[in-house]
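Engineer: As given, the protein sequences belong to chains A, B, C and D, one line each in that order.
Using the working numbering, read the first sequence as starting at 1 and increasing by one per residue.
Using the working numbering, read the second sequence as starting at 1 and increasing by one per residue.
Using the working numbering, read the third sequence as starting at 1 and increasing by one per residue.
Using the working numbering, read the fourth sequence as starting at 1 and increasing by one per residue.
Any given hint could turn out to be false.
Sample of chain D residues facing chain B (criterion: CB under 8 angstroms; computed from the structure) [as the list claims (entries may be wrong)]:
1. 5
2. 44
3. 73
4. 76
5. 97
6. 115
7. 142
8. 149
9. 165
10. 166
11. 169
12. 172
13. 181
Dumping the calculated BS3-like pairs for lysine-lysine here, alpha-carbon to alpha-carbon at most 27 angstroms [to be verified]:
14. B:61 x D:168
15. A:207 x B:2
16. D:58 x B:65
In short, the hints are calculated from the structure, not lab data.
Positions of the beta carbon are idealized from the N, C-alpha and C atoms, including for glycine.
So the chains spell out like this:
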Amino acid sequence: MRYKCIIAAAVLFVGLILPQALFAQEDAEVPDSLLAEVQLEPPPQPVVTEGVDRPNDNGHKLTVKWKYPEEGVDLIEGFEVYRSMSPDGEFQLRGQSPADYFEYFDIGGVDKSDPDYMANDEDYYYKIVAIGKNGVSSESEIGGPFQTSGQVFHTGKIPVLIGVVIFAFFTVYFISSAKKGKELYVRPLAGIEAVDEAVGRATEMGKPILYILGIGTAADIATIASFTILGRVAKKVAEYQTDLIVPCYEPIVMSIAQDVVRSAYLEAGRPDQYNDDMVFFVTNAQFAYVAGVNGIMVRERPATNFYLGYFAAESLILAETGNSIGAIQIAGTDQITQIPFFVVACDYTLIGEELYAASAYLGRDPLLLGSLKAEDWAKGILMVVFLIGVLTVAFGWDGIRELVRVNL
Amino acid sequence: MKRRVPLTIVFIVSLFMVIQYFVPLDSWAWMYQYLIDWTIIIGVFALLLGIWSLLRVNYEKIQRKSENWQYSIVTLLGLFIMIIVGFVPGWGNLENYTYQHLFYYVLVPIQATMFSLLAFFIASAAFRAFRARSALASLLLFSGLIIMIRFVPMGPLSEPISEIATWILQVPNLAAKRAIIIGIGLGAAATALKIMLGIERAYLGRD
Amino acid sequence: MNIFEKMVALDRRWVFLFLFVVVSFAYFFRNSFSVDVVTTKEVESIYDFIEGAEPGDKILMSFDYDPSSLAELHPMSRAIMLHCFRQGVQVIAVTLSQYGAGMVEEVLRDVSAEAAELYGREVSYGTDYCFIGYRPYPAFVILGMGENFRVFFPRDYYDTLLDDLPIMHRVRNYDDVKGVLSITSGTTSDMWIIYGNARYNMPLALGVTGVMATDYYPYLGNALFGLIGGWKGAAEYEQLVDQPHDANRGMPAQVAAHLTIVLFIIIGNIGYLMSGRKKPKIGV
Amino acid sequence: MEDGPTVEIIWTTLAALLTVATFSFLYKDNPFYKFAEHLVVGVGAGYFAVLLVLTSLKPKLYDPVLAGEWWYIIPGILGAMMWFRFSRKLSWFSRYPIAFYIGTSGVAIPLYMYNNVFRQLSATLDLSVGFGSLTAVWGILIVIGILTGLVYFFFSKEHKGAFGGVAKIGIYVLMMGFGASFGYTVMARVSLFVQRIAFLESWGVMLKNYFS
């Protein structure tokens with residue numbers, strides 16, 4: 001744990017301190033003001049008041065604001081906004097603004113190669129031209145220098161940060177208290193209890209077990225949760241000496257699944273029974289994969305099908321084909337659009353969060369269950385916030401509602 | 001080396017991914033994009049493992065003359081043709097005639113048809129599961145049926161049915177979705193935290 | 001095995017066959033019979049909204065989809081625009097979708113030509129409709145248009161100053177249009193609710209894909225005054241404006257399919273209740 | 001590249017036959033389906049292999065490195081480490097790129113916290129809940145539905161007594177939601193099938209025009 005803290009501190013240092021030091025701002029110099037040429041009956045002059053950097057972004061954008069006398073609005077067509085990097089340099093047209101609107105949001109390019117590029121922490125000068133309806137325009141004095149800059153921390157995301165910190169605290173706390181030997185109760189879940197039973201059933205029938213990890217990548221949390229459950233299933237399979245079929249959609253997922261199954265066989269004391277052909281790659285075209293898996297189902301006739309991980313539209317095709325061959329089916333996904341189809345077509349479905357719970361439950365390390373306690377606490381707190389929030393909103397007070405709002 | 005280094009990598013990368021969410025700076029955005037590029041590159045390298053696995057499985061089937069071995073020839077043929085016409089320099093690669101035509105006239109129609117089988121499976125699943133077997137199943141049946149009947153002209157009944165359907169979509173449907181989404185959020189965040197801290201490490205295998 | 005037991009244990013391939021035949025039949029004879037689409041309140045309220053508009057009123061239509069969802073969303077865009085042109089309601093078009101501009105141009109051209117032919121009057125650019133173009137950062141654009149359309153769109157898609165378009169005369173922001181309709185296949189629908197309606201409180205309605213529709217029902221009656229979901233919603237609108245087209249032609253097959261499924265569910269339930277079997281189950 | 005009518009007919013006929021072969025799976029597994037299935041698996045894998053190498057590996061690794069962006073060699077090396085899996089003894093090297101890949105899942109922590117928790121919370125509080133109107137009543141029902149649904153997902157407490165009763169209401173709400181989603185999806189799935197019939201129809205028209 002200690003070396004992780006050191007690394008964390010180092011990453012934080014590099015990330016937060018260094019950019020500050022590198023991009024330290026210099027004092028801006030005061031520009032010379034230029035007098036605009038005066039002609040006959042020109043509209044009133046705009047006066048540039050400020051250039052405001054938008055908070056919580058990477059810079060490269062600036063809102064320039066100006067003042068304009070009320071009586072002038074009817075005399076002009078609108079404004080043109082010009083920008084330059086020096087008060088006496090060449091001013092370039094950035095855009096227009098309507099006659100009654102006294103600010104302009106100047107969006108510059110982010111990339112240096114972009115002709116529109118607007119650098120952070122550099123001086124920019126603005127000039128506003130009021131275009132008179134009589135064809136005569138009048139220029140403002142040059143405003144500036146204004147700077148745009150990137151922010152180190154997105155203050156609109158503070159609620160998320162607080163949420164993450166509190167939740168991380170709960171998780172770590174309950175896992176470490178589980179390590180100290182505190183008993184944690186977890187209610188039984190039908191889908192979890194069915195796992196071992198399903199392996200036994202396949203053994204009795206002398207048929208294989210099919211395990212589908214879904215079509216997610218190895219970076220999807222649902223897939224990673226599924227690896228843990230696969231480890232448990234594979235171990236049982238090895239103990240019972242049943243056949244296991246794991247057709248994969250993604251090569252990295254396949255590689256990891258091979259390691260997981262091999263380890264499970266090793267743990268069950270039958271490393272010689274494992275071979276890489278149990279976990280194989282089919283294809284990475286979505287419905288071609290479905291066609292392949294369907295073929296495997298109707299030819300190998302597995303007794304039990306597991307569908308655990310990330311699933312899209314193929315969920316129901318697989319589950320219905322599995323149903324037609326009479327397999328016991330256990331499914332679980334965090335894809336909300338697919339849960340109804342699994343519920344309808346499978347024998348046991350782990351709904352959303354239950355998939356993660358199952359993963360914690362069936363993992364090798366019972367300490368992982370501590371995280372379930374943390375999730376429950378978070379849910380409890382959320383329910384309280386919900387209730388208080390709804391009540392306060394109903395009585396016309398927006399405090400709570402604004403407190404939890406994330407402003408991206 | 002075998003466990004400690006990978007777990008450290010996971011921790012560092014995860015931590016960066018968490019922090020970058022809160023930091024809008026260009027340098028961080030660049031780093032994030034750069035690391036996402038890594039995953040793409042690793043993914044493409046891993047593809048060779050996938051292709052190798054596909055070759056091996058099918059080759060063994062043919063060699064052992066196991067059941068349906070003839071079809072494995074079809075798979076290998078499809079694979080080889082695509083790879084050869086796609087990779088041989090000067091043959092147009094992605095614009096190659098055979099590559100494009102096999103895509104449009106083989107891959108697309110079979111995949112689209114496979115997808116369209118859902119129309120039938122959704123019907124058979126509804127037939128089998130939408131039965132008033134218990135209170136729970138009856139509710140499923142009721143709300144599913146109302147939403148489907150909405151489609152069918154029913155004369156004077158249409159009006160109240162469409163009202164109820166809208167209510168179901170507005171109230172219980174939304175409540176159900178939100179509850180599940182929130183649960184998933186907490187479960188996923190907890191799992192990701194355990195992965196980051198190296199508590200959840202089944203993906204590394206043993207030894 | 002009595003008849004009820006047979007009904008319960010019916011081979012699913014009968015369901016397949018029946019569905020296949022019925023839907024194919026409905027599809028091939030789609031021009032021979034039409035289906036009276038049941039219109040829903042959420043679609044009717046959009047129709048009533050435009051029906052209640054005076055000639056010369058203006059509607060902002062945001063086409064926030066790209067060619068990939070054209071097939072699903074075009075029928076509703078067409079029906080709504082035809083309705084506007086019929087009523088003499090002027091359409092200000094904008095797109096917040098990166099790949100939308102070329103497509104919107106085409107849609108506007110086709111539908112205005114069709115309306116001109118249908119209603120026997122000239123439907124011309126600049127007076128009956130205009131297209132102000134595309135800008136990135138949809139959230140900013142929605143906020144900006146709440147102040148003044150000219151903030152992000154000083155000129156239209158064809159580089160004409162907005163003030164030179166008769167339709168845009170004295171139109172500053174959402175206050176000067178009767179309402180906003182966003183036809184969308186992505187997240188801009190949320191932005192219209194959060195940044196548009198919540199902030200500027202203009203009447204807002206959405207046309208969305210079938211998959212998205214269930215997510216927006218909760219906003220009906222508060223943020224949204226109407227909602228059109230997928231082909232079904234489009235078919236309703238086509239019927240309301242009496243211009244049945246693509247969406248309506250798809251309806252016979254849809255109704256046939258839904259009816260078939262409902263029928264089989266009923267068969268299954270009768271069989272189940274009469275035979276007293278306990279299988280099958282749902283898996284939770 | 002333009003095909004002549006005869007060539008186009010041949011290709012389209014192939015596509016139509018493969019479509020029919022795939023549909024035949026609805027009846028039962030058969031040689032035609034087996035052929036279509038094995039063909040699409042091979043073609044699909046080949047298609048994506050070529051596509052990914054040419055559209056991902058080339059612009060992300062080959063081109064930048066040639067252009068002097070040497071730092072892209074690092075992920076290249078990491079990627080190549082995946083190939084150590086071909087040797088049983090050295091396969092543990094592949095854990096480094098795998099660990100990196102898994103590590104990127106860390107982004108899920110703040111993202112899920114925002115999308116799944118805070119956004120849902122805000123969206124719910126933004127609904128007009130209050131007293132008096134019907135929508136307000138529905139608003140309150142939605143909140144009750146969400147809360148009971150969350151109670152169903154409690155793992156560390158037994159679903160017994162009053163708590164169990166609330167959880168039971170929760171699962172009822174979930175079920176109604178599932179039924180609604182299921183029923184609503186039928187439309188989209190049927191249109192997929194209609195599109196396939198439309199394709200077969202256009203093939204028929206094409207044949208008819210060609211031979212007459």
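Engineer: Failing hints, ascending?
Structural biologist: 1, 3, 9, 10, 11, 14, 15 and 16
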